[in-house]
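Asker: Residues per chain, in single letters:
2 protein chains.
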Amino acid sequence: MVSIDLFRDGMARLTGAVNVITTDGPKGFAGMTATAVCSVTDQPPTLLTCINRSSYAHPIFSGNGVLCVNVLAAEQQDVAQLFADRNVTMPERLARVAHERLLTGSPALSGALVSFDCRVTQQQQLGSHDLFICEVQAVKIGNPAAGLTYFGRKYHSIGLPALASALG
Amino acid sequence: MVSIDLFRDGMARLTGAVNVITTDGPKGFAGMTATAVCSVTDQPPTLLTCINRSSYAHPIFSGNGVLCVNVLAAEQQDVAQLFADRNVTMPERLARVAHERLLTGSPALSGALVSFDCRVTQQQQLGSHDLFICEVQAVKIGNPAAGLTYFGRKYHSIGLPALASALG
Numbered sequence: 138m139v140s141i142d143l144f145r146d147g148m149a150r151l152t153g154a155v156n157v158i159t160t161d162g163p164k165g166f167a168g169m170t171a172t173a174v175c176s177v178t179d180q181p182p183t184l185l186t187c188i189n190r191s192s193y194a195h196p197i198f199s200g201n202g203v204l205c206v207n208v209l210a211a212e213q214q215d216v217a218q219l220f221a222d223r224n225v226t227m228p229e230r231l232a233r234v235a236h237e238r239l240l241t242g243s244p245a246l247s248g249a250l251v252s253f254d255c256r257v258t259q260q261q262q263l264g265s266h267d268l269f270i271c272e273v274q275a276v277k278i279g280n281p282a283a284g285l286t287y288f289g290r291k292y293h294s295i296g297l298p299a300l301a302s303a304l305g
Numbered sequence: 138m139v140s141i142d143l144f145r146d147g148m149a150r151l152t153g154a155v156n157v158i159t160t161d162g163p164k165g166f167a168g169m170t171a172t173a174v175c176s177v178t179d180q181p182p183t184l185l186t187c188i189n190r191s192s193y194a195h196p197i198f199s200g201n202g203v204l205c206v207n208v209l210a211a212e213q214q215d216v217a218q219l220f221a222d223r224n225v226t227m228p229e230r231l232a233r234v235a236h237e238r239l240l241t242g243s244p245a246l247s248g249a250l251v252s253f254d255c256r257v258t259q260q261q262q263l264g265s266h267d268l269f270i271c272e273v274q275a276v277k278i279g280n281p282a283a284g285l286t287y288f289g290r291k292y293h294s295i296g297l298p299a300l301a302s303a304l305g
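Protein chains in written order, with this note's numbering: chain L, 138 to 305; chain W, 138 to 305.
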């Protein structure tokens, strides 16, 4: 049996893009920082994300059935921290970041490298988390920029080498 | 409806760790380069990966029911290319890289940042791909090193800024 600590130490070595996942609808707005996002298939365009069932945001995502994955640019480290801060309410988070709505009503954050606006087509329990399988309804490509990533429990910049040392 | 090209252009902006996923068992050995790997939960330690059902390797992974996710270090770009090269047979790929076996018999590649040796607990069709839900049976942590990532359809180094410009 693998210990949770060993698993986490291992996963700290799997680089992840830093994303803010948002939703809005009958259950209200929620938005949170997450790295667990993965492309599944392009027939039809589909991605997945994993959300902890014990999180405050889980019933909001689950009840709305829509979400937008915003892939953050390197200069949006403050946005990543804002949407991971338990002391900031959901409405406050949204009020502090410029955004627009694409098709589902879930906020697409300004400055993101890309936003994937999605309808949740399947939700499946796996241990402590739910897997959300999402069909992409709209894509907004942002301006070219370095990406914000998480590796070794630290933020890093990727794509523009000149920026790497500033964040590394 | 989102076009496949737009979806792919968007996904090119989602940084992914570069991994080689291996399997060995009754159906023989297979190994391939993949970015679609995601942590799911640590209760119990679980990850997922997506494999194209039309790929040569798919029935081998599916038939063996075990796999090892090897997260590559920045200096293993040649390994990433080897395991993505359709002109190199599966046995040739394995013969060219030092490896050991952990618990399931799937090769753990030397030099990887970390290897997750897994048993497949669920397999689920999603469009062109199958989702493999995998319970982690063993973890091998490698030496500390920069990570190999894929962003903007290029390889990048992450974690040691001094190396970034060499690969960027």
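Treat the hints as calculated values from the structure; they're not laboratory data.
A few of these clues could be false.
The list treats identical chains as one, so a pair stands whether inside a single copy or across any two.
EDC-like cross-link-like pairs, simulated, lysine to aspartate or glutamate; straight-line CA separation at most 16 angstroms [stated by the list, open to error]:
1) LYS164 with ASP142
2) LYS277 with ASP222
3) LYS291 with GLU229
4) LYS277 with ASP146
5) LYS291 with ASP215
6) LYS164 with GLU272
7) LYS291 with GLU237
8) LYS277 with ASP215
9) LYS291 with GLU272
10) LYS291 with ASP179
11) LYS277 with GLU237
12) LYS277 with GLU229
13) LYS164 with ASP146
14) LYS164 with GLU212
15) LYS164 with ASP222
16) LYS164 with GLU237
17) LYS277 with ASP142
18) LYS277 with GLU212
19) LYS164 with ASP215
Asker: Please name the hints from earlier in the document that this structure breaks, with their numbers sorted from lowest to highest.
Answerer: 1, 2, 3, 6, 7, 8, 9, 10, 12, 13, 14, 15, 16, 18, 19
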